[in-house]
Amino acid sequence: DVAMTGEITLRGNVLPVGGVKEKLLAARRARIKTVILPAPNRRDLEDLPQEVREDLNFVFVEHVREVFEAALLQAKPAAKAAKR
57 DVAMTGEITL RGNVLPVGGV KEKLLAARRA RIKTVILPAP NRRDLEDLPQ
107 EVREDLNFVF VEHVREVFEA ALLQAKPAAK AAKR
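For this note's numbering, count along the sequence shown from 1 and bump the result up by 56.
Honestly, the hints are just simulated from the structure, not real lab data. Each residue gets a CB set at the ideal place from its N, CA and C atoms; glycine is no exception. Honestly, I wouldn't trust all of these hints.
Computed beta-carbon distance windows for the label pairs [as the list claims (entries may be wrong)]:
| hint | residue 1 | residue 2 | range |
| --- | --- | --- | --- |
| 1 | L129 | R87 | 16 to 22 Å |
| 2 | D111 | G75 | 14 to 20 Å |
| 3 | L129 | L71 | 29 to 35 Å |
| 4 | L66 | P105 | 34 to 40 Å |
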């Protein structure tokens, strides 16, 4: 499962957002394993407890192309499993 947050400009740039700590804690409670975040929000990980950082995989992006790549690569194994 993949979660993501961020703001996307008309040119496809991904901008930082607020409330990242709370969003990541909610993702962990929902058993999300991978979270896609704006690259500038990397500094927000310092606010998280170590065990939360260890439980989640983070993908930091700067452009919407990277979001699609990360989300689609994560979805491929699930799609294969669904076809079985």
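Okay, the hints, checked on the actual structure:
no.	hint	verdict
1	L129 / R87: 16 to 22 Å	holds, 20 Å
2	D111 / G75: 14 to 20 Å	holds, 19 Å
3	L129 / L71: 29 to 35 Å	violated, 23 Å
4	L66 / P105: 34 to 40 Å	holds, 37 Å
The structure shown violates just one earlier hint, number 3.
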